[in-house]
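Please model the complete structure; the sequences and the hints are all you need to start from.
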Amino acid sequence: MDPSQQYQQFNQQQSYDVNPYHQPYQGPIYPIPGSSSHSAPSVYVPGAMIDKRGGAGGKLAKGGKRTTVLRKGGGKVWEDQTLLEWNPSWFRLFVGDLSNDVSDDVLANAFNKYTSFQKARVIRDRLSGKAKYGFVAFSDPEDFLKAWKEMDGKYVGNRPVKLKKADDTAIRPVEIGHRKAKQLERELKKNRRKPY
Numbered sequence: 001m002d003p004s005q006q007y008q009q010f011n012q013q014q015s016y017d018v019n020p021y022h023q024p025y026q027g028p029i030y031p032i033p034g035s036s037s038h039s040a041p042s043v044y045v046p047g048a049m050i051d052k053r054g055g056a057g058g059k060l061a062k063g064g065k066r067t068t069v070l071r072k073g074g075g076k077v078w079e080d081q082t083l084l085e086w087n088p089s090w091f092r093l094f095v096g097d098l099s100n101d102v103s104d105d106v107l108a109n110a111f112n113k114y115t116s117f118q119k120a121r122v123i124r125d126r127l128s129g130k131a132k133y134g135f136v137a138f139s140d141p142e143d144f145l146k147a148w149k150e151m152d153g154k155y156v157g158n159r160p161v162k163l164k165k166a167d168d169t170a171i172r173p174v175e176i177g178h179r180k181a182k183q184l185e186r187e188l189k190k191n192r193r194k195p196y
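Using our numbering, the letters of the sequence shown correspond one by one to residues 1 to 196.
Worth flagging that the hints you see were computed from the coordinates, not collected in a lab. A portion of the hints provided could be inaccurate.
Said to hold, decoys possible - DEER-style ranges, computed between Cβ atoms:
1) Leu127 with Lys72: 19 to 29 Å
2) Arg159 with Arg71: 21 to 31 Å
3) Lys190 with Ser116: 41 to 51 Å
4) Gly73 with Lys130: 37 to 47 Å
5) Pro141 with Leu188: 29 to 39 Å
6) Lys190 with Tyr155: 36 to 46 Å
7) Asp97 with Gly177: 36 to 46 Å
8) Lys182 with Glu142: 23 to 33 Å
9) Lys165 with Asp104: 31 to 41 Å
To be verified - Straight-line C-alpha distance at most 16 Å; calculated EDC-like pairs for lysine to aspartate or glutamate:
10) Lys162 with Glu150
11) Lys65 with Glu175
12) Lys119 with Asp143
Even for Gly, the Cβ is constructed at its ideal location relative to N, Cα and C.
Written out as structure tokens, the structure reads:
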């Protein structure tokens with residue numbers, strides 16, 4: 001085989017290997033009736049659908065109830081389904097003065113040296129997407145106090161963080177019925193165009 005033929009064969013091989021993740025379209029994939037193999041884990045809360053903002057869980061049948069967390073502020077009441085992910089028995093720290101480069105993973109990595117560390121979450125501004133503050137949870141009060149003492153003023157990302165004990169009353173799961181769910185949905189529709 002002469003060098004020009006080798007070059008052509010090499011180029012043909014490389015054109016197929018350009019994108020290792022490319023998979024040709026195989027047509028629509030329909031579920032097989034009777035099979036119950038789901039690929040994604042469910043985050044189903046009985047009686048509720050979580051919308052893209054994490055609140056105002058969907059329609060509720062008359063007489064039905066669903067568990068949610070009601071929040072109040074600025075003369076408004078809304079539901080926040082994302083707080084159901086936090087166990088009320090956990091000890092939570094408020095992490096203030098976060099820099100924009102801090103994500104959930106960066107915050108978790110800063111606190112996961114404590115054995116009872118459970119969860120970390122960064123709260124971002126809805127309009128700008130900048131990090132505002134965060135929360136860190138521990139299952140053991142000793143680790144909670146130790147982390148508070150050791151990490152207050154330490155750099156997480158580009159800034160030293162300020163730690164405070166988080167409000168324990170924020171996570172109170174309640175069951176709401178059909179009437180309250182409809183009222184919350186009306187309030188959400190009324191304030192939908194407002195950024196805050």
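Against the structure, the hints come out as follows:
Checked against the hint of 19 to 29 Å, the pair Leu127 and Lys72 passes, with Cβ atoms roughly 22 Å apart. For Arg159 and Arg71, the Cβ-Cβ distance of about 27 Å falls inside the hinted range of 21 to 31 Å, so the restraint holds. Separation of Lys190 from Ser116 is about 42 Å and conforms to the stated range, judged on CB atoms against 41 to 51 Å. In this structure the supplied range 37 to 47 Å is violated for Gly73 paired with Lys130, their Cβ-Cβ distance being about 20 Å.
As the Cβ distance of Pro141 to Leu188 is approximately 37 Å, the hint placing it in 29 to 39 Å holds. Between Lys190 and Tyr155 the CB atoms are about 43 Å apart, so this pair conforms to the stated range of 36 to 46 Å. For Asp97 paired with Gly177, a C-beta distance near 41 Å keeps the hint of 36 to 46 Å intact. The given range of 23 to 33 Å is broken by Lys182 and Glu142, whose C-beta atoms sit roughly 45 Å from each other.
Against the hinted window of 31 to 41 Å, the Cβ-Cβ separation of Lys165 and Asp104 comes to about 21 Å, which falls outside the hint. Distance restraint check for Lys162 and Glu150: the Cα-Cα separation of roughly 11 Å lies within the 16 Å cut-off, and the hinted pair is therefore satisfied. In summary, the hint linking Lys65 to Glu175 is supported, as the alpha carbons are separated by about 6 Å, within the 16 Å threshold. Between Lys119 and Asp143 the alpha-carbon distance is near 13 Å, which keeps this suggested pair within the 16 Å criterion.
When held up to the earlier numbered hints, the structure conflicts with 4, 8 and 9 and fits the remainder.
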